[in-house]
Amino acid sequence: MRRLQNVLLFSFLLLPFLSKAQDCTLSISGNVADESTGIPMAYGTIYVEELQTGVASDSLGNFSLSKLCQGDYHLRFNHIGCETRSVFISLQKDTVISINMHHHNELIDEVEIHDHHSEHETAASTSINKEDIAEIANKDLSEMLESMTGVSSIKSGAGVSKPVVHGLSGNRVTILNNGLAQSGQQWGNDHAPEIDPYVADHISVVKGAGALAYPGGSLGGVVLIEPDEIPNDPHLHGSINYIFQTNGLGNTLNARLEKYDKWAAWRVSATAKVIGDRSAPNYYLTNTGKREYNVAAQIEKHFSPKWEMKLYYSLFNTEIAILRGSHIGNLTDLEDAIERDVPFFTDDQFSYAINEPRQTVQHHLLKLESNHIFNEHQSLSLKYGGQVNNRKEFDVRRADRSDLPALSLLQWDHYLEGMYKHFFDHGRQLKTGIQLRLTDNTNNPETGILPLIPDYRAYRLGAFAIFQEEHKKLLYELGARYDLNYFQVLTISQSLPREIERRYHTFHNYSLSSGIRYKVLPQLKLNLNLGHVLRSPEVNELYSAGLHQGVSGIEEGNRNLKNEQSTKIVLSADWNVKKKLFMQLLGYYQYVSNFIYLQPEDEFRLTIRGAFPLFTYQQTDATIAGLDALVSYEPIESIRFIAKYSFLQGDDVSNNQPLVYMPSNNLFGSFAYSFKDGDRIKNSSISVNGQYVFEQTHLNANQDIAPAPNGYFLLGASIGTTFKLKKTKLRCSISGDNLLNTVYRDYLNRQRYFADDLSWNVNVRLNLSF
Amino acid sequence: MKNIKHILWALPLLSILFFTSCEKDDPEVPNEEELITTVTYTLTPQGGGSIVQFEFRDLDGDGGSAPVITTGTLAANTTYVGVMSLLNESGSETEDITVEVAEEAAEHQLFYTLNSFGFDGNITYADADINGNPIGLLTNFTVGAPSTASLTITLRHEPDKSATGVSDGDITNAGGETDIQVTFEVTVQ
Numbered sequence: 001m002r003r004l005q006n007v008l009l010f011s012f013l014l015l016p017f018l019s020k021a022q023d024c025t026l027s028i029s030g031n032v033a034d035e036s037t038g039i040p041m042a043y044g045t046i047y048v049e050e051l052q053t054g055v056a057s058d059s060l061g062n063f064s065l066s067k068l069c070q071g072d073y074h075l076r077f078n079h080i081g082c083e084t085r086s087v088f089i090s091l092q093k094d095t096v097i098s099i100n101m102h103h104h105n106e107l108i109d110e111v112e113i114h115d116h117h118s119e120h121e122t123a124a125s126t127s128i129n130k131e132d133i134a135e136i137a138n139k140d141l142s143e144m145l146e147s148m149t150g151v152s153s154i155k156s157g158a159g160v161s162k163p164v165v166h167g168l169s170g171n172r173v174t175i176l177n178n179g180l181a182q183s184g185q186q187w188g189n190d191h192a193p194e195i196d197p198y199v200a201d202h203i204s205v206v207k208g209a210g211a212l213a214y215p216g217g218s219l220g221g222v223v224l225i226e227p228d229e230i231p232n233d234p235h236l237h238g239s240i241n242y243i244f245q246t247n248g249l250g251n252t253l254n255a256r257l258e259k260y261d262k263w264a265a266w267r268v269s270a271t272a273k274v275i276g277d278r279s280a281p282n283y284y285l286t287n288t289g290k291r292e293y294n295v296a297a298q299i300e301k302h303f304s305p306k307w308e309m310k311l312y313y314s315l316f317n318t319e320i321a322i323l324r325g326s327h328i329g330n331l332t333d334l335e336d337a338i339e340r341d342v343p344f345f346t347d348d349q350f351s352y353a354i355n356e357p358r359q360t361v362q363h364h365l366l367k368l369e370s371n372h373i374f375n376e377h378q379s380l381s382l383k384y385g386g387q388v389n390n391r392k393e394f395d396v397r398r399a400d401r402s403d404l405p406a407l408s409l410l411q412w413d414h415y416l417e418g419m420y421k422h423f424f425d426h427g428r429q430l431k432t433g434i435q436l437r438l439t440d441n442t443n444n445p446e447t448g449i450l451p452l453i454p455d456y457r458a459y460r461l462g463a464f465a466i467f468q469e470e471h472k473k474l475l476y477e478l479g480a481r482y483d484l485n486y487f488q489v490l491t492i493s494q495s496l497p498r499e500i501e502r503r504y505h506t507f508h509n510y511s512l513s514s515g516i517r518y519k520v521l522p523q524l525k526l527n528l529n530l531g532h533v534l535r536s537p538e539v540n541e542l543y544s545a546g547l548h549q550g551v552s553g554i555e556e557g558n559r560n561l562k563n564e565q566s567t568k569i570v571l572s573a574d575w576n577v578k579k580k581l582f583m584q585l586l587g588y589y590q591y592v593s594n595f596i597y598l599q600p601e602d603e604f605r606l607t608i609r610g611a612f613p614l615f616t617y618q619q620t621d622a623t624i625a626g627l628d629a630l631v632s633y634e635p636i637e638s639i640r641f642i643a644k645y646s647f648l649q650g651d652d653v654s655n656n657q658p659l660v661y662m663p664s665n666n667l668f669g670s671f672a673y674s675f676k677d678g679d680r681i682k683n684s685s686i687s688v689n690g691q692y693v694f695e696q697t698h699l700n701a702n703q704d705i706a707p708a709p710n711g712y713f714l715l716g717a718s719i720g721t722t723f724k725l726k727k728t729k730l731r732c733s734i735s736g737d738n739l740l741n742t743v744y745r746d747y748l749n750r751q752r753y754f755a756d757d758l759s760w761n762v763n764v765r766l767n768l769s770f
Numbered sequence: 771m772k773n774i775k776h777i778l779w780a781l782p783l784l785s786i787l788f789f790t791s792c793e794k795d796d797p798e799v800p801n802e803e804e805l806i807t808t809v810t811y812t813l814t815p816q817g818g819g820s821i822v823q824f825e826f827r828d829l830d831g832d833g834g835s836a837p838v839i840t841t842g843t844l845a846a847n848t849t850y851v852g853v854m855s856l857l858n859e860s861g862s863e864t865e866d867i868t869v870e871v872a873e874e875a876a877e878h879q880l881f882y883t884l885n886s887f888g889f890d891g892n893i894t895y896a897d898a899d900i901n902g903n904p905i906g907l908l909t910n911f912t913v914g915a916p917s918t919a920s921l922t923i924t925l926r927h928e929p930d931k932s933a934t935g936v937s938d939g940d941i942t943n944a945g946g947e948t949d950i951q952v953t954f955e956v957t958v959q
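Note that the protein sequences, when read in sequence, are chains B and Y. Number 526 in our numbering belongs to position 526 of the first sequence; there are no gaps in the numbering. In our numbering, each residue carries its 1-based index in the second sequence increased by 770.
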């Protein structure tokens, strides 16, 4: 929609001004405004790549660049909380343009991955989001999110991580890949989201309960992975990224090209990642390598100023090795493994080999979108999304069966959405939509093992309406959503003879949310968000049956589960003191009745491999309360201190005990020094950071098979610079993780039962962009 | 613009199609050829006498019906020859898993652990793999005076047979994964 408006603006607002096209007396001036409300945006930055200088918009959103020569210019518009806009101008005469910034807060309570670049960010800043992502894209998606307060990762070793938002993860966190809810085996803690971070230009997390426009019962939050629109620039642009990491001798390579051609705008991206065995400070973590090969293509076509279509396809392809020493047969094996200092099967040689246990996943995602603008008030967007997820997990098995997967699931997902937006006068906006989703999950019987989760089909129908109004200092939002979920489940009986049973479930969910943002002072902003969300139990919670390898427990679903009902309140304050000090405080409280969790039963299940603890899915009432704090201080322009703190406490109030697998509290601090830009050398900086993760003490001793690990401190540092030659930029950076080589284990990493976490690591990164 | 109105009308129609589509096909029941349902430890006394069998049988695998455990009584002051048999009886045809273990003898070892300080008796290996390490499919079980113990039989896949004590039947340093772990009460009269 942005692009359309942009085209409109370019058609109508590129007004010629009085000028006698003499050399270097031309100007570009204009106004920056919020796309959805039309309100001028003050203190945005406008950077001209060709001149390597920039200006800021004034308090009314106006800006002007003068003494320009005839020629081609690439302009970049930045504003806090907005997507960076790139605009290409072939300047012939004085030009006035109007820029609509896509404000990232369709949802009031959004916090971006780069947390905050304060409003006085230097004009030379480029697309910070994309650069930050590229800087650390050898990490998993979820690990990248960890830099945000209130977000952590639940991991199964070095290569598998899932985001945890305010203590909740898995089925309770919806991951939107390009506007589509990522559809894979999201229920598994050892199933990482199948997304290549390089395709994203923005990664953000919605922490509140206001994400009603998106499907899925996102009690915890929503993670948004968004590529930018392709800038309307007729030149070919692209980048090549290479990262080498010492731990695991990993190589990550990405290439990306984009162009606004006459026939259509297009962008392609390809990534290859090869990482070998990682190491802990004292030994190799044998069999922890990974391979990843991803491609993505994006085509955008503007048929008319009022109609555009977008096509997006991505393929994610990975093979991940799981620590050999973490594969165990029964509870005795697990206890033996916990007792050991060095895990079983530790090799003293590094290797790139991927052996069993391992996972392979292919994920295809196709999106077709058609956007229509009827007039300046009304617009309609239609979307189809198709996803195919093919997951195979291989275990160490007898008689050459290791080549046969122990788990093999094929999932299809079709999604249809129609969304209508109405912009009223006076900053009022209504957004409403209907969504249909069909998920088909099939076990491949090649495994020779009774499936852990059954075959099923899920039909989901959702409808929502969100109303927003901005009035002077106040912005408020009201939203409602209804979901109908219908499951058709085909189970295979546990007893002989094996029989197939068909079960049907229907769930009705409704969600309500409201939010207020109030600018008390220009420097002080308050947000309040209140949401009531229902989530229906997923098929794994209803029907899991079998051994969960990682925890050596037998998990049994519960067919009688009811909807979870969550009420969450989030209050945040952003305070900017004289543009030197920026503070953000966010407090939240969530009450979930019928909270679904795994209850360890008193009885043990006797099997031929020994006795296993039995876990069943039960419901209780739970509360989660926490605080996220961020302080950023810039005494002078070249120096910045950042401190972050997250506190969280989860309780099972019915059983009067703590909730398990809640993130530890943690404290982060960094110091950065930026050097002055030279003619050829830009964006040079050096930084040091430290993170302290506290021991998870809010836990009873009988709630885990091994005590929670101690708190730990990690030291990191980075140095980077950009060389600029005409339109080509070469960025070089070196960063180090765990530089003190601390021996530690993390509470949320399931590998902690078996092995220490990663040792020191240095990343060397080269990025060439043109 | 009319096209768009048509598209809008199409949405509810699509949704009806969507919700009335046909039932999902029955899943194919996997052929559980790797499953071990039955562990039988047959003890034949040297020099004649009655054969004793210890058996753990769980035909439907994990979950479902509970396993059936059969034990026997050993005669005092006797040496028995122990033969281990592993079967998969879940399907229509019984599969002998013992053969699989014998074929991959170097990657498997059975451990016989007697848990009683006062028990008068011991179990020794009577077979070896190509590396000269024990497998445990064949054993000698020598018992002395009447006493009782619990016997835990463990089959480990990919144990470290060269680790300390492992070739003598001590499971402590063996590692690997447990494929079988069953416990029987042993009475000597």
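By construction, these hints were calculated from the structure, which means they are not laboratory data. The beta-carbon is built from N, C-alpha and C at its ideal position, and this holds for glycine as well. Where hints are given, some of them may not hold.
Claimed, not checked - Dumping the calculated EDC-like pairs for lysine to aspartate or glutamate here, alpha-carbon to alpha-carbon at most 16 Å: (1) B/Lys306 x B/Glu376; (2) Y/Lys794 x B/Glu501; (3) B/Lys727 x B/Asp652; (4) B/Lys676 x B/Asp652; (5) B/Lys472 x B/Asp72; (6) Y/Lys794 x B/Glu376.
As the list claims (entries may be wrong) - Computed footprint of chain Y on chain B, listed as stretches where at least three residues anywhere in the stretch have a Cβ under 8 Å from a Cβ of chain Y: (7) 177-184; (8) 253-260; (9) 289-296; (10) 319-329.
Indices of hints not satisfied (ascending): 3, 4, 5, 6, 7, 8, 9
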